[in-house]
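Protein chains: 2
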Amino acid sequence: MWRDRLLLAATFTAIFSADLYFILLPKLRRMGQGSRQFCSCGPSNISLPGQGGLATPHLSNWTYVPPLGALTTDSTGSKLGRLFAHPLYNIQTPALGPEEKLLLVEQLMEYYRKKMSRRVDHSAAAVSNISVTEHEVTFDPDASWLKFHLGINRYALYSRDDPAVPQLLEDMQGMAVVSADYTQDEKALKGVCDCTQVVKPSGHHLKLALKMHNFAKAMFKPMRQQRDEETPEDVFYFVDLQRHNAEIAAFHLDRVLDFRRVPPVTGRLVNVTGEILQVTHNEDLRAVFFTSPANNTCFFAKCLYVCKTEYAVCGNPNLLEGSLSAYLPGLSIAPRISIPNPWIRSYTFTGREEWEVNPFYCDTIKKLYPYNSGNRLLNIIDMSIFDFLTGNMDRHHYEIFTKFGDEGFILHLDNARGFGKHSHDEMSILAPLSQCCMIKSSTLVRLQLLARPEFRLSDVMRESLKEDPLRPILTEPHLLALDRRLQKVLRVVQRCIRRQGRDEVVTKDFAKSTGKPQTATEMKQTR
Amino acid sequence: MWRDRLLLAATFTAIFSADLYFILLPKLRRMGQGSRQFCSCGPSNISLPGQGGLATPHLSNWTYVPPLGALTTDSTGSKLGRLFAHPLYNIQTPALGPEEKLLLVEQLMEYYRKKMSRRVDHSAAAVSNISVTEHEVTFDPDASWLKFHLGINRYALYSRDDPAVPQLLEDMQGMAVVSADYTQDEKALKGVCDCTQVVKPSGHHLKLALKMHNFAKAMFKPMRQQRDEETPEDVFYFVDLQRHNAEIAAFHLDRVLDFRRVPPVTGRLVNVTGEILQVTHNEDLRAVFFTSPANNTCFFAKCLYVCKTEYAVCGNPNLLEGSLSAYLPGLSIAPRISIPNPWIRSYTFTGREEWEVNPFYCDTIKKLYPYNSGNRLLNIIDMSIFDFLTGNMDRHHYEIFTKFGDEGFILHLDNARGFGKHSHDEMSILAPLSQCCMIKSSTLVRLQLLARPEFRLSDVMRESLKEDPLRPILTEPHLLALDRRLQKVLRVVQRCIRRQGRDEVVTKDFAKSTGKPQTATEMKQTR
Chain A
1 MWRDRLLLAA TFTAIFSADL YFILLPKLRR MGQGSRQFCS CGPSNISLPG
51 QGGLATPHLS NWTYVPPLGA LTTDSTGSKL GRLFAHPLYN IQTPALGPEE
101 KLLLVEQLME YYRKKMSRRV DHSAAAVSNI SVTEHEVTFD PDASWLKFHL
151 GINRYALYSR DDPAVPQLLE DMQGMAVVSA DYTQDEKALK GVCDCTQVVK
201 PSGHHLKLAL KMHNFAKAMF KPMRQQRDEE TPEDVFYFVD LQRHNAEIAA
251 FHLDRVLDFR RVPPVTGRLV NVTGEILQVT HNEDLRAVFF TSPANNTCFF
301 AKCLYVCKTE YAVCGNPNLL EGSLSAYLPG LSIAPRISIP NPWIRSYTFT
351 GREEWEVNPF YCDTIKKLYP YNSGNRLLNI IDMSIFDFLT GNMDRHHYEI
401 FTKFGDEGFI LHLDNARGFG KHSHDEMSIL APLSQCCMIK SSTLVRLQLL
451 ARPEFRLSDV MRESLKEDPL RPILTEPHLL ALDRRLQKVL RVVQRCIRRQ
501 GRDEVVTKDF AKSTGKPQTA TEMKQTR
Chain B
1 MWRDRLLLAA TFTAIFSADL YFILLPKLRR MGQGSRQFCS CGPSNISLPG
51 QGGLATPHLS NWTYVPPLGA LTTDSTGSKL GRLFAHPLYN IQTPALGPEE
101 KLLLVEQLME YYRKKMSRRV DHSAAAVSNI SVTEHEVTFD PDASWLKFHL
151 GINRYALYSR DDPAVPQLLE DMQGMAVVSA DYTQDEKALK GVCDCTQVVK
201 PSGHHLKLAL KMHNFAKAMF KPMRQQRDEE TPEDVFYFVD LQRHNAEIAA
251 FHLDRVLDFR RVPPVTGRLV NVTGEILQVT HNEDLRAVFF TSPANNTCFF
301 AKCLYVCKTE YAVCGNPNLL EGSLSAYLPG LSIAPRISIP NPWIRSYTFT
351 GREEWEVNPF YCDTIKKLYP YNSGNRLLNI IDMSIFDFLT GNMDRHHYEI
401 FTKFGDEGFI LHLDNARGFG KHSHDEMSIL APLSQCCMIK SSTLVRLQLL
451 ARPEFRLSDV MRESLKEDPL RPILTEPHLL ALDRRLQKVL RVVQRCIRRQ
501 GRDEVVTKDF AKSTGKPQTA TEMKQTR
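Line by line, the protein sequences give chains A and B. Counted from 1, the first sequence has number 122 at position 122 by UniProt numbering; the numbering is strictly sequential. Counted from 1, the second sequence has number 180 at position 180 by UniProt numbering; the numbering is strictly sequential.
Isolated chain A, as found in the complex (with noise of 0.2 Å):
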């Protein structure tokens, strides 16, 4: 009783803010200017008069807390500071259930007993005869990892004032590694690439895993081209280098877009000797390490071993940039699931999926479990946005925490093929929403601020990414391209609206997610 209360107070605080942002101040202000639209979308210059009332994502559920002085707070000129401001990006989550959260304290805090226990025993087992620099196993219950861990919640990987991702990325920044080792991806090739299928070469990627203390880990890709390189037109997506900027650039745009889907990414300046080669005890990355004929300490991939010494990554003479991606819970206390991606593509030369070919592909896929009810096939058409807007073509699946059924969030993992070419909008990856026709709302109205000059993406992104220590990490004419891009998502939104109409094409998520969540298998077992 008393939440369904705050939820009707919370709905209408949120109706009358955006009301009040979006058709009352603009009213005013083309008062004041003439004839001159507040509201400019660029070319498209969709706008949502009267729709205020749809304009608050994820509305059930949520309890809208003024912002601290909103529109008005951020005087010094901040364009991001002004956006995260904004009444849209400063509506907070409820007090949450136990199964509203991916994780419970007690049952992480004894998940990471047993991990200390094994791994003292480990610590003491492992004095050999190779000189491995060992660290003291460390465990603080307040340190950011936990934090970020027990944040993560059914809605999002964090939410927006959560200090614990600030302090991630800080931490990540700056703690001292104690251990490296292959990924688990890695390490499931066991140094084999089959090269007689037509495949994704994951042993090309050389990421690693590096740990800290207090079982901090993070996901290490080195950089692997200069920022200013284009990928050759020439050249497959699915064979297109990984860019730790690109890795990097990612989180922050995910983070603009208020999806907060990907988890926290910060670059780094690794040491490869010391944080990678001297503590690491897997004997087969210590086998790939060697030094360049410019005396550089030098690293390849396990899969292509030897022949591919042209393609390994060497630091100067130590320092190697890349970025560090904060891990995901394990998966013995949170399990994920990967679903293939409907908007799949071919991963041979010549081959087409069904969506290339059929323009009824979504028909199909709209009657399809779980696309045929649920959130589940907007939050792919978000990811669609997300992934144009970077350029990546490589989305083959997609992952979502098992906990939190069919309706949870989609994660956005892996975003190093994004920023490859800024001269070029690959339409196809939108895909899912031209075919579909169909957005959220509360997607739609945040792509719309950040169309406008005093929010312009490119801006707000600029801005974000500046807080990098690897900084400048997109070059202009990639920041420029988000806001070209921006406008040709809206642009396909509009030609949607225009042939269907906006009830059928925008869809008000807030009223989508009803009561309690289901789990997977709860949901599996309904239908």
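Derived by calculation from the structure, the hints in this document are not laboratory data. Some hints could be false.
Unchecked claim - Anything over 12 Å on all C-beta distances counts as not near chain A; from chain B, calculated: (1) 82; (2) 111; (3) 134; (4) 167; (5) 187; (6) 273; (7) 293; (8) 312; (9) 321; (10) 365; (11) 424; (12) 426; (13) 499.
As the list claims (entries may be wrong) - Rough simulated footprint, nothing fancy, chain A against chain B, three-plus residues with beta-carbon under 8 Å: (14) 230-238; (15) 281-292.
Stated by the list, open to error - With the C-beta cut set under 10 Å, the calculated list includes, among others, these residues of chain A facing chain B: (16) 77; (17) 111; (18) 112; (19) 117; (20) 233; (21) 313; (22) 349; (23) 370.
None of the values given here were measured: they were computed from a predicted structure. In this text, a Cβ means the ideal position worked out from N, Cα and C, and glycines have one as well.
Given chain A's structure and the hints, the job is docking chain B onto it.
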């Protein structure tokens, strides 16, 4: 008897002309110009006062034919013309005995008659269901390829004035390609890259054998790198890309140095669809062709198969730059042996070969057959100078024609890893020269000539390379590096002379090769 007199006459004529050029003319000019020395060989300022008689290369069995107005012929401002008109470049071979020619006309005609009948049979049998463009099998006994093969003798691959060479270059540039296939090297790999061994990854090369009419055959190496790209400093020489322009430039340099040990090479724009894909009978080769995302026709190395499309080469949309190197006569009629270079490098990350750590390495080599007699060691030193000028570190083996025995010249094959870095002079390539402190008199005199402003190496190379259809072949920094490196070679020689005296260092190679050449078998029997 008649031959001896001829030899004597030639020796005297050569001594006289060299004396005239190196001693008398400079003296006259010095008198005219006051104290300014005419023979300025740069900082090292090496000259050969009183060495006139030593300046004639391979003098035994060579007849001096006075050049048509040498020294004054070329008034067009062509440095290259003046160089080739210089007496040092106009020492003619005498009429060659059958043992001094690689092939006899009758032998070669018989070989092609057999080949012709086999090809006609094969052609008829090859009519299968694949749509390969078939060409009529033709044979012309006057074809430039045959003439080139017939012109190979114990002194060089071709003689300076052989009209077959420019004709061969023209034919390689323009003749229709009637068939394409992997080279024997690539076929020997059978698609396998043994990545467990630290070896040269040959599969990376993408070289192909192209056949034209009249059994003409050339090795095609496609463009992999832009002219202005430098090999990154962290890349090992054994995994460096092969450069088509290096292959072309090496042929010109070898000709300018008057070694004539590199088979003719030209650049050509090849239509990868019409001149490779549509004319190959090799299913494996057809299978590596694909259309890139930019709609260009591309292909990749067999060995690396699909994983490696990122290392594919692409036409635009079909035309692709490449080098065409004339094939030598087949191994069945002109067998060659491949011998490890005594100054071979370690093809591992950390290994060091003896020559790298033992400053007295050459003393050991000098005692070993076949370096303990004849010209072999001097030929190795010639090759090291040639490789140092191009910057090629990848000379692991060298080849000689079996027929000419241990006195035969060394073939300078596979030069595509030269010209990788213009800003770096790899002094270790000169180890044979700097450790043995020996150089042929004929080589030294030509190097000194090319260090003079009026024959400056970079100028004659720039002029020579202008003949190639893919001009410019080398960027200016690479051309200028040749001059700088030439000075370094001369400085190494000067240092040797200072330490050991001229007589020890500068070998009168004209007196070395005596009488009738022995075959390899005879040489071995005589030991």
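Taking the hints in turn, this is what the structure says about them:
No Cβ of chain A comes within 12 Å of the Cβ of residue 82 (chain B); the nearest lies about 39 Å off, and the non-interface call holds. No Cβ of chain A approaches the Cβ of residue 111 (chain B) within 12 Å, the least distance being about 38 Å, so the stated non-interface status holds. Interface exclusion of residue 134 (chain B) from chain A stands, the closest Cβ pair being 26 Å apart, more than 12 Å. The Cβ of residue 167 (chain B) sits about 36 Å from the closest Cβ of chain A, beyond the 12 Å cut-off, so the non-interface label holds.
Interface exclusion of residue 187 (chain B) from chain A stands, the closest Cβ pair being 18 Å apart, more than 12 Å. Every C-beta of chain A lies more than 12 Å from that of residue 273 (chain B), the closest at about 15 Å, which supports listing it as non-interface. With a least CB separation of 6 Å from chain A, residue 293 (chain B) falls inside the 12 Å interface cut-off, contrary to its annotation. Consistency note on residue 312 (chain B): stated as away from chain A, yet its beta-carbon is not over 12 Å from all of that chain's, at 7 Å minimum.
No Cβ of chain A approaches the Cβ of residue 321 (chain B) within 12 Å, the least distance being about 14 Å, so the stated non-interface status holds. Taking the minimum C-beta to C-beta distance to chain A, about 25 Å, the non-interface status of residue 365 (chain B) holds against the 12 Å cut. With a least CB separation of 10 Å from chain A, residue 424 (chain B) falls inside the 12 Å interface cut-off, contrary to its annotation. Not every CB of chain A lies more than 12 Å from the CB of residue 426 (chain B), the least distance being 9 Å, so the non-interface label is violated.
With a least beta-carbon separation of about 30 Å from chain A, residue 499 (chain B) lies farther than 12 Å from that chain, consistent with its non-interface assignment. Only residues whose C-beta sits within less than 8 Å of a C-beta in chain A count toward coverage, and the region 230-238 of chain B has 5 of them, enough to reach three; the restraint holds. With 3 residues having a beta carbon nearer than 8 Å to a beta carbon of chain A, the region 281-292 of chain B meets the requirement of three or more and the stated coverage holds. Hint status for residue 77 (chain A): violated, given a least beta-carbon distance of 41 Å to chain B, over 10 Å.
The criterion of a C-beta within 10 Å of any C-beta in chain B is not met by residue 111 (chain A), whose closest approach is roughly 38 Å, and the hint is violated. Look at residue 112 (chain A): its Cβ only gets to about 39 Å from chain B, farther than 10 Å, so that hint breaks. Using the Cβ-Cβ criterion of 10 Å, the hint placing residue 117 (chain A) at the interface with chain B is not satisfied: the shortest such distance is roughly 39 Å. The interface hint given for residue 233 (chain A) is met, as the beta carbon of that residue sits about 4 Å from the closest beta carbon of chain B, less than 10 Å.
Interface restraint check for residue 313 (chain A): the shortest CB-CB distance to chain B comes to about 9 Å, inside 10 Å, so the restraint holds. The interface hint given for residue 349 (chain A) is met, as the beta carbon of that residue sits about 4 Å from the closest beta carbon of chain B, less than 10 Å. The restraint placing residue 370 (chain A) at the interface with chain B is violated, with a minimum CB-CB distance near 31 Å, outside the 10 Å limit.
The structure fails to meet hints 7, 8, 11, 12, 16, 17, 18, 19, 23 from the earlier list, while all remaining hints are met.
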